[in-house]
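Work out the full structure: start from the sequences and follow the hints.
The sequence shown maps to residues 1 to 207 in UniProt numbering.
Any given hint could be a false lead.
[To be verified] Listed next, with one range per pair, are the computed distances between beta-carbon atoms:
no., residue 1, residue 2, range
1, Glu-204, Asn-33, 27 to 35 Å
2, Ser-84, Asp-47, 22 to 30 Å
3, Lys-68, Pro-111, 21 to 29 Å
4, Asp-11, Gly-97, 36 to 44 Å
5, Leu-94, Ala-31, 40 to 48 Å
6, Leu-94, Ala-46, 45 to 53 Å
7, Asp-35, Val-171, 21 to 29 Å
8, Val-197, Gly-67, 12 to 20 Å
9, Phe-78, Glu-98, 27 to 35 Å
10, Gly-100, Ala-13, 33 to 41 Å
11, Ser-75, Glu-12, 17 to 25 Å
12, Pro-111, Asp-47, 34 to 42 Å
13, Glu-98, Ser-75, 30 to 38 Å
For the record, the hints were derived by calculation from the structure and aren't laboratory data.
All C-beta atoms in this analysis are idealised placements derived from N, C-alpha and C, irrespective of residue type, glycine included.
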Amino acid sequence: MTDKIALHYIDEALLVAEKPAGLLSVPGRLAENQDCVVSRLQLDYADALTVHRLDQVTSGLMLYARGKPVQIALSKQFEQRQVSKRYEALVQGLVEGEAGEINLPLICDWPNRPKQMVSFELGKPSLTRWRVLARDTAAQTTRLELEPVTGRSHQLRLHLASIGHPIVGDVMYDAQPALRVCLHARRLELVHPLTGVALAFVSECPF
1 MTDKIALHYI DEALLVAEKP AGLLSVPGRL AENQDCVVSR LQLDYADALT VHRLDQVTSG
61 LMLYARGKPV QIALSKQFEQ RQVSKRYEAL VQGLVEGEAG EINLPLICDW PNRPKQMVSF
121 ELGKPSLTRW RVLARDTAAQ TTRLELEPVT GRSHQLRLHL ASIGHPIVGD VMYDAQPALR
181 VCLHARRLEL VHPLTGVALA FVSECPF
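Now the structure itself:
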């Protein structure tokens with residue numbers, strides 16, 4: 001028995017779902033990787049279609065279209081950066097400053113895929129904005145709000161590791177092991193493709 005995916009919102013056009021950490025967003029190539037958020041949603045909502053993805057290790061808000069026309073409309077909002085996303089992360093070390101940007105071009109590290117790497121020669125432009133929410137001097141960690149201006153694979157994870165502050169639990173990018181990778185898609189804002197109404201959703205951070 002697979003657990004149902006919790007929903008924040010549902011209407012005739014779209015679903016906003018809560019992705020648990022550790023579950024794939026979409027099915028993988030191998031038979032054992034077919035269980036995922038969209039396949040569980042489609043058990044109840046056969047017309048649910050993927051619009052964007054979160055890494056398997058990441059939890060939080062995901063948007064799904066109901067039917068192809070809405071999928072095209074929502075995908076266009078993502079491409080034109082009209083969808084606002086905010087993440088919360090717990091990172092190793094005490095980050096200096098209160099806010100800033102990480103602007104490092106990224107590309108897949110093919111021999112080590114799915115790992116990504118910084119490449120000034122071949123990488124695609126990638127920009128992350130961050131601001132400090134809290135520091136824990138005893139634990140030597142910093143809680144950040146993150147805004148991925150671009151949407152590259154593993155962007156937040158690699159950008160933070162590249163400045164010496166890997167996300168807690170992200171051993172792929174040289175963090176110490178933890179119960180989970182502490183990255184959560186906390187806020188999602190978009191324009192409803194049918195009504196034109198602005199929608200905003202918040203998911204409380206679980207770590």
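Practice problem: Mind listing which of the numbered hints don't hold for this structure, in increasing order? | Solution: Per hint list: single violation, 3.
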